[in-house]
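K.L.:
Produce the complete structure using the sequences and hints provided.
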Amino acid sequence: MDLDVQLMAYAWNLAYARELTVDLEPDQWTWHGGPGLENHAAWTIGHLISGSDYLAWDLGLEREMTEDWKDLFERNGPGDPRLPTRELARYPSGQLLLAELTRQHERVAAHWRSLSRAELERDLPWRFHGHFPTRGANAIFMAVNHECLHLGALGAWRRAQGLPSALARMPSEL
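Residues in the sequence shown are numbered consecutively from 1, following this note's numbering.
Any given hint could be a false lead.
Unchecked claim - Here are the simulated distance ranges between beta carbons:
id, residue 1, residue 2, range
1, H129, P26, 39 to 49 Å
2, L163, D2, 32 to 42 Å
3, G152, H129, 21 to 31 Å
4, D71, N145, 37 to 47 Å
Hints are computed from structural coordinates only; laboratory data are not their basis.
Note that the Cβ used here is the ideal one computed from N, Cα and C, for glycine as well.
P.N.:
Right under this line is the structure:
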């Protein structure tokens with residue numbers, strides 16, 4: 001797949017993350033949606049930041065996420081028993097989270113563009129190696145699939161609060 005298309009999808013995810021959260025009041029960022037909807041907006045956006053930071057590392061950059069943010073936002077995939085806390089004071093503001101997600105997206109996209117085809121085709125041993133065995137394939141998974149999984153859940157979380165569809169408000173062009 002063409003790198004421009006992959007990065008277009010990554011940019012679209014960022015725009016959708018903004019649209020999913022633009023109308024939230026501060027106390028809504030940690031609203032608990034009930035069983036299956038525990039991943040509130042603050043945790044979800046923070047988790048996408050950690051995913052982009054981790055992707056940057058997979059592509060050869062240093063990780064930048066602080067240990068306290070790692071502790072708050074990283075999980076070891078399905079089966080990890082930790083759930084996000086509902087304590088608003090534990091989370092950075094929505095504005096700060098979105099600014100950091102934007103910065104991480106920009107950092108990843110710029111570096112990804114700089115890599116050669118040979119660098120992207122290097123083997124990358126990881127949990128889903130059988131599905132995405134190279135740095136480039138992992139990048140697609142993290143930038144597109146992983147983000148879409150969480151953004152779709154965030155869309156359901158919004159709807160459980162009675163909020164309107166964010167997808168319906170997405171502009172036809174970014």
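K.L.:
Evaluate each hint against the coordinates.
P.N.:
Now the hints, each set against the structure:
At about 41 Å, the CB distance of H129 to P26 agrees with the hint of 39 to 49 Å. Under the hint 32 to 42 Å, the C-beta atoms of L163 and D2, about 35 Å apart, fit the expected range. Judged by the Cβ atoms, the range 21 to 31 Å given for G152 and H129 holds: they are separated by roughly 24 Å. Checked against the hint of 37 to 47 Å, the pair D71 and N145 fails, with Cβ atoms roughly 25 Å apart.
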